[in-house]
Amino acid sequence: MSKKNPEYDFKWCPGCGDFGVRRALEFAMIDRLEETGLPIENNVVVAGIGCSGNLVHLLEGSQPYGFHGIHGRSLPISMGVKMGRPDLNVVVVAGDGDFLSIGGEHIAPQAARNLNICAVVMDNGVYGLTKGQSSPTTKIGEITSSTPFGKMEAEADPLELYLTLGVSFIASGFSGNPRQLAGLIKEGMNHQGFSLIHVQSPCVTYNDTYEILKGKPKEGIEPLVWDIPAEHNHGDKSAAHDLLQKRGLPIGIIYKDDTRPSLDQRIENMWSKAKQQTPQQLMDAYEF
Amino acid sequence: MRDFVVRFAGEGGQGVVTSAEGLAQVSTQVGYHALTYATFPSQIMGGPTWTQARISDQQILSAGDDVDVLVAFNRDAYETHSVEVRDGGIIIFNSDDRDFENFTPSSEIKCFGLPIDELARSTGNNRSANMVVMGALAHLVNMPQEYLDEFVESRFRRGRSNDDEIIASNIQAMNLGRNHTSESGLILGDLAPPNKPTHKQLMIKGNDALCLGAVAAGLNFYIGYPISPATTILIWMERNLVGPDKFAYQVSSEIESITGLLGAGFAGRKAMTATAGPGFSLMSEGLGLAWMSEIPLVVVDVQRGGPATGLPTKTEQSDLFSCMYPAHGDVRLPVIAVGTVEEAYEGAIWAVNWAERYQGPVILMTEMAIAERVQNISKPDLSAVKIENRKVYEGNNGYHRYEGFELSPMPIPGKPGAYVANGSEHDEMGDTTHLPERHVQMTERRFSKLKLLEDGFYESDNNEAKIAVMSWGGSKGPSQEAYSQLREQNMQLSWYYTMFLNPLPPELLNELKSKDLVIVPELNYQGQFSSILRSHGVKAQSITQYTGLPFKVRHLVEKISDMANSDKKATVKA
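Quick note, the sequences are listed as chains A and B, same order.
Sequential numbering of the first sequence, starting at 1, is according to this note's numbering.
Sequential numbering of the second sequence, starting at 1, is according to this note's numbering.
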């Protein structure tokens, strides 16, 4: 829709990794549409603030519902949507600053709840929209506009963090391979619980990591990304930890726990414990 | 004697609250009106605390200025509260408390020791201490024993095998308390017989009444974070808002509360949270988003005292500016402020309906003194509740959700009409834009919707007088009592009151503008409501108080007369 909307005045830089993520999300939603027969309006995309958040306006073709909220709060907004309407497919799109810095406090509660939503985090290791400040995933020592003498903090390790917090589905993706990423997003959507797809989505303007990620085989530079082998047991948490200790960036499903009920399922299972009363019955209890 | 006030004071955990509520229950059971007023220590166990109950043969408006009877459960309570007892009042102290050993009360005070614990133990039922106190109080106001028997019978007859035994021990405890007190020779007076209300009554706490109102209006989504004095709303909802299509849940912060509500309101739910000052401050940005993206939701602010952590367990009316203007940018939110337990019920219905009607956030203000007040109210008629639902878009895809300068139907996820609810300034489709004409259109659109909320009602009396008293929120009761007393003295005053602070009912505003002076009793330093009234062109002046306690009627009578009689009014400019 918005691609044709002349008033819409936001553009990603040519070559931005987020284009690939957008394609992947579109693929995943179309596949889901075909598989489930549910209309596109059954999907809600909740976006944070940052370059990544604008993805919600740039989707092509028939539209899902969108909520472009405030910085850092896409997870709790999605919690409200999902718990208000558990029948909807709820997807969060966020950036590394949005999700891990200002919004970092919201990851642990959703993991503990096993909130049944799928979050796609676009990690470019920089604040792009505000022109190149350091983010949680910027490497220590790196010079950015807000770290003129080098970044003082160690970089976050998002995948290890998610594992530690108990996120029940963790995948790692690369925007350079939208088809593969679409498959991961779709698996995340189908997972009954909190799924996180952490995507390397380079910023061509402030932190271009394409070469590092893809490598340069002709010059003998090994790519940083490598596909997780099929034999990886993603039900095994220590295997997941081991995987993350290896050199480079594994791409694929890192960890998946199908055994835990999601928050909406837990709530439904609890209904029988409560005495369900009408407003009239509730009021009558105060009579004397 | 038509009414009396008993204050129960002691340590947290000594039964201070249950005694006051017990007295209120005995009294309402037989047809009196009762109101309790409580303050709590911040610590859970121990720490000084007190609760008072006012009992009357007519409807009660305030907690009462003076203490007629003090029940001191320990020495500290005696020392702290004896000064509050009026001349001719009576103090009962628990002579079983070790600190009262070798205690000789001043001969100027009517005071006697009641061995509360020992008398209770002698009945074989250690839990009957409350009843010993109840018997003592019954003697002081000459309340017939059959009233008390009736209460014990209805309270303890629960179909258990030992019901008779329990009832007998409780009645015995009351008799012991009564007899022991009669030996003291003290008496407060003869309480007038009750006028049994003709309408069915509820005995209910302010916060519970608010919950009932919200649910009556169709509330089906509640999330919150514990904070005094709003926590009891969260607890009520978690127990009662359970089942298919309902949701009540404790989240991890007030930021989660407000943003979660945004998601739920967007998804079609009638969503509410309740908080107090500190939590409300954390909701600022989210409330701005609700206004901007046009999402219906209700935030209850149960006011306590002061900025920051302030006075968590005291009462104040100092959040009005915050509630009306909670966020950055051009935002002015609808505000309903309740002043009584009945209004807590009614205001909640209005708040949920308003949010649906204008598709945006509504602030429902209450305060500690109402939240924790237990009072008898006439049982509301649920069948009379008019439930409003938002205008929902029911067409095909390709809809422009933010079209035009006024309210438009709202699409709900799952159905055609997909759009982006956007917190950035947006065009009609919900896409971000910075075009000047769009910002003009959307700003005017958002403010135009407030016009839909001008149907609030108001109370008035003696409208001709040129000087008016108009309080708001929980200062209504004491102001109303003060007003009545001044009218009995033939002072030329008029009375106005409304729960609807924004938008004010237009007719009310016109009337107020015609006055020479509008006197606004309110519990804050800045005179927040009078300041807002002045911005509307009303010659308003506040009577302020910022002690963490409610107004005393006597104080208001004095202040209102001073203001009305002084030349000061000539200097009050709108």
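Calculated directly from the structure, the hints in this document are not laboratory data.
Treat each hint with caution, since some may be false.
[Claimed, not checked] List time: in silico DSSO-like cross-link candidates among lysine-lysine, alpha-carbon distance up to 30 Å: (1) B/LYS451 / B/LYS386; (2) B/LYS379 / B/LYS196; (3) A/LYS275 / B/LYS451; (4) B/LYS379 / A/LYS275; (5) A/LYS273 / B/LYS246; (6) B/LYS552 / B/LYS451; (7) A/LYS273 / B/LYS379; (8) A/LYS214 / A/LYS151; (9) B/LYS539 / B/LYS559; (10) B/LYS513 / B/LYS539; (11) B/LYS415 / B/LYS386; (12) B/LYS246 / A/LYS275; (13) A/LYS275 / B/LYS552.
Each hint, compared with the structure:
1. Taking the CA atoms of B/LYS451 and B/LYS386, the gap is about 20 Å. The hint holds against a cut of 30 Å.
2. A distance of roughly 14 Å separates the Cα atoms of B/LYS379 and B/LYS196; the hinted pair therefore holds under the 30 Å criterion.
3. In summary, the hint linking A/LYS275 to B/LYS451 is not supported, as the alpha carbons are separated by about 41 Å, beyond the 30 Å threshold.
4. For the suggested pair B/LYS379 and A/LYS275, the alpha carbons sit about 22 Å apart, so the restraint of at most 30 Å is met.
5. For the hint linking A/LYS273 to B/LYS246, the alpha-carbon distance of about 15 Å falls within 30 Å, and the restraint holds.
6. Taking the CA atoms of B/LYS552 and B/LYS451, the gap is about 37 Å. The hint is violated against a cut of 30 Å.
7. For the proposed pair A/LYS273 and B/LYS379, the alpha carbon gap of about 29 Å is at most 30 Å, so the pair holds.
8. Using a Cα cut-off of 30 Å, the hinted pair A/LYS214 and A/LYS151 holds, with the two alpha carbons roughly 25 Å apart.
9. With a CA separation close to 17 Å, the supplied pair B/LYS539 and B/LYS559 stays within the 30 Å bound.
10. A C-alpha spacing of about 7 Å is found between B/LYS513 and B/LYS539, which places the hinted pair at or below 30 Å, so the restraint holds.
11. At roughly 26 Å between alpha-carbon atoms, B/LYS415 and B/LYS386 fall within 30 Å of each other, so this suggested pair holds.
12. The suggested pairing of B/LYS246 with A/LYS275 holds, with an alpha-carbon distance near 13 Å, which does not exceed 30 Å.
13. For the hint linking A/LYS275 to B/LYS552, the alpha-carbon distance of about 43 Å lies beyond 30 Å, and the restraint is violated.
When each numbered hint is compared with the structure, violations occur for hints 3, 6, 13.
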